[in-house]
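Chemist: The hints should help you fit chain B onto chain A, whose structure is shown.
Number of protein chains: 2
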Amino acid sequence: MSRFAQALQDASRQASACIEAALEGAEGPVSDAMIYATEGGKGLRGFLVLETARLHGIEASDAVPAAAAIEALHAYSLVHDDLPCMDDDDLRRGRPTVHRKWDEATAVLAGDALQTLAFELVVQTTCADAGRLHLVRTLATASGVRGMVGGQALDIAAETADVPLTLDKIINLQAGKTGALIEWAATAGPHMAQADAKPLGQYARDLGLAFQIADDILDVEGDAATVGKAVGKDADAGKATFVSLLGLDGAKERAHSLVEAACDVLTPYGSDADTLREAAQFVVTRES
Amino acid sequence: MSRFAQALQDASRQASACIEAALEGAEGPVSDAMIYATEGGKGLRGFLVLETARLHGIEASDAVPAAAAIEALHAYSLVHDDLPCMDDDDLRRGRPTVHRKWDEATAVLAGDALQTLAFELVVQTTCADAGRLHLVRTLATASGVRGMVGGQALDIAAETADVPLTLDKIINLQAGKTGALIEWAATAGPHMAQADAKPLGQYARDLGLAFQIADDILDVEGDAATVGKAVGKDADAGKATFVSLLGLDGAKERAHSLVEAACDVLTPYGSDADTLREAAQFVVTRES
Numbered sequence: 001m002s003r004f005a006q007a008l009q010d011a012s013r014q015a016s017a018c019i020e021a022a023l024e025g026a027e028g029p030v031s032d033a034m035i036y037a038t039e040g041g042k043g044l045r046g047f048l049v050l051e052t053a054r055l056h057g058i059e060a061s062d063a064v065p066a067a068a069a070i071e072a073l074h075a076y077s078l079v080h081d082d083l084p085c086m087d088d089d090d091l092r093r094g095r096p097t098v099h100r101k102w103d104e105a106t107a108v109l110a111g112d113a114l115q116t117l118a119f120e121l122v123v124q125t126t127c128a129d130a131g132r133l134h135l136v137r138t139l140a141t142a143s144g145v146r147g148m149v150g151g152q153a154l155d156i157a158a159e160t161a162d163v164p165l166t167l168d169k170i171i172n173l174q175a176g177k178t179g180a181l182i183e184w185a186a187t188a189g190p191h192m193a194q195a196d197a198k199p200l201g202q203y204a205r206d207l208g209l210a211f212q213i214a215d216d217i218l219d220v221e222g223d224a225a226t227v228g229k230a231v232g233k234d235a236d237a238g239k240a241t242f243v244s245l246l247g248l249d250g251a252k253e254r255a256h257s258l259v260e261a262a263c264d265v266l267t268p269y270g271s272d273a274d275t276l277r278e279a280a281q282f283v284v285t286r287e288s
Numbered sequence: 001m002s003r004f005a006q007a008l009q010d011a012s013r014q015a016s017a018c019i020e021a022a023l024e025g026a027e028g029p030v031s032d033a034m035i036y037a038t039e040g041g042k043g044l045r046g047f048l049v050l051e052t053a054r055l056h057g058i059e060a061s062d063a064v065p066a067a068a069a070i071e072a073l074h075a076y077s078l079v080h081d082d083l084p085c086m087d088d089d090d091l092r093r094g095r096p097t098v099h100r101k102w103d104e105a106t107a108v109l110a111g112d113a114l115q116t117l118a119f120e121l122v123v124q125t126t127c128a129d130a131g132r133l134h135l136v137r138t139l140a141t142a143s144g145v146r147g148m149v150g151g152q153a154l155d156i157a158a159e160t161a162d163v164p165l166t167l168d169k170i171i172n173l174q175a176g177k178t179g180a181l182i183e184w185a186a187t188a189g190p191h192m193a194q195a196d197a198k199p200l201g202q203y204a205r206d207l208g209l210a211f212q213i214a215d216d217i218l219d220v221e222g223d224a225a226t227v228g229k230a231v232g233k234d235a236d237a238g239k240a241t242f243v244s245l246l247g248l249d250g251a252k253e254r255a256h257s258l259v260e261a262a263c264d265v266l267t268p269y270g271s272d273a274d275t276l277r278e279a280a281q282f283v284v285t286r287e288s
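The listed protein sequences correspond, in order, to chains A and B. Just so we're aligned: 172 in our numbering is position 172 of the first sequence, and the numbers increase by one with no gaps anywhere. Just so we're aligned: 223 in our numbering is position 223 of the second sequence, and the numbers increase by one with no gaps anywhere.
Simulated from the structure, these hints should not be mistaken for lab results. Misleading hints may appear alongside valid ones.
Stated by the list, open to error - A few chain A residues facing chain B, derived, Cβ under 10 Å:
| hint | residue |
| --- | --- |
| 1 | A26 |
| 2 | L91 |
| 3 | G94 |
| 4 | P96 |
| 5 | A107 |
| 6 | L114 |
| 7 | V122 |
| 8 | D129 |
| 9 | R132 |
| 10 | H134 |
| 11 | T141 |
| 12 | Q152 |
| 13 | V284 |
| 14 | E287 |
| 15 | S288 |
Each residue gets a CB set at the ideal place from its N, CA and C atoms; glycine is no exception.
Extracted from the complex, chain A is given alone in its bound form:
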């Protein structure tokens, strides 16, 4: 197992344990659905928190609540995005979506409570008060109407628009929908250490865009069983994607050059950032 694969597995295990501990004693379908929704993910965002914390000399145990927070927040977004009134998906991470396994009301509430849990966890991060407040403030900005929710709203609007989106507009949409949380995760380490977050911010922006291009490629090339969710939906819906705009080869080329740029920006960290370089490669070579 590569160093990155090991780190990803460790981060995922630690974030899950933290979320389960936070929900211990809570009973009923909503908390069951919350645990269910946080299981089986790649854990990339939590990994980015722990790895960039490690790069800045912060112990994993101090950073785990922040890693768990971003995984809870990501899980909330997926539960709500899958709802019948949104993307109406039956399959997520290879299992029935929350509203299919339980019902819509449980999915709305589980998503709501997962967002709350993210803020409950992020303030438990061990670092200076100013650092913790910064993490709360930036997590809120990255998630809200100017970040993730704003991106999702643009995505929904695009589905009923008369004219397909241009490349610039898709880049802008994805910067909100996917990019903002990835950037939060990859800059959590320097923010906890109150160090310069610029290089990792740039790394994250390149990585986030590469991630989304790779998602569009998987929607065309992947099969549902491996990807763990429905594929081919974008083409069926006639949606503009990075693949429809750049072509399959063009999209792959763009993703790879973004990964190269992301790795270049890590130069100041030397070989200590090799796991983050592996992460960048993983983002465009993953099969799910």
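Modeler: Below, chain B alone, put in the same frame as chain A:
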């Protein structure tokens, strides 16, 4: 206009202005729906923040972001509770609910982003870092699966249960669904000042329960036009309520004795707490 009525109006205006400023420049139906959902409420929770802050010598301008935060959080809960898969309501505060005026996807996203906005605002409260972190942590606990969402989940479960809820179970449900946010609001002042929050905590618990009993009474005695939302739903659904369990007179008596208890606990604050006493009376005499 009574001192309380004036304070309520001022608090509502200040919270609204703060929310609108935070959303300035955000465009599209989701941010429009967010503003819409925060309009027309009583503003009781925001008032409790500003009034308990004033009692502890804190300037309104320092506390307004916390007041706006609790109003945004309350608005999110109403938007999601009104969804077809939840209470399926068409009318709220005398106007069409968000999913009726826009659509379900917009209502899910606007609710989601209003929750996020609450956390974005609460960290902008002006007080010591420790106080702000405390406000964030307790807002999350009060809102999540052990607080408001947990109460809402119990409420939904009760609708399909074979046996109607007992009084103890309804009290427990309401402590989560309504009580937790009211308690957060009424203890925000002492928490900002890092003062003893116990008396106001007790005031809030009595007030919260009285508020919910009054809601059940309005559902029986009120008319939809004045209340601003559908009435008679509980009886139609055969739901156990404070009225069905205590009788109409018994429920009124209980609400009034809770208000008395709430006022008694304010004794240490002397006449300075008269507006909070008026607020307690308002909670059981309001017509909407």
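Chemist: Name the hints, by number, that the structure is in violation of.
Modeler: When the structure is compared with the hints, numbers 2, 3, 4, 13, 14 and 15 turn out to be violated.
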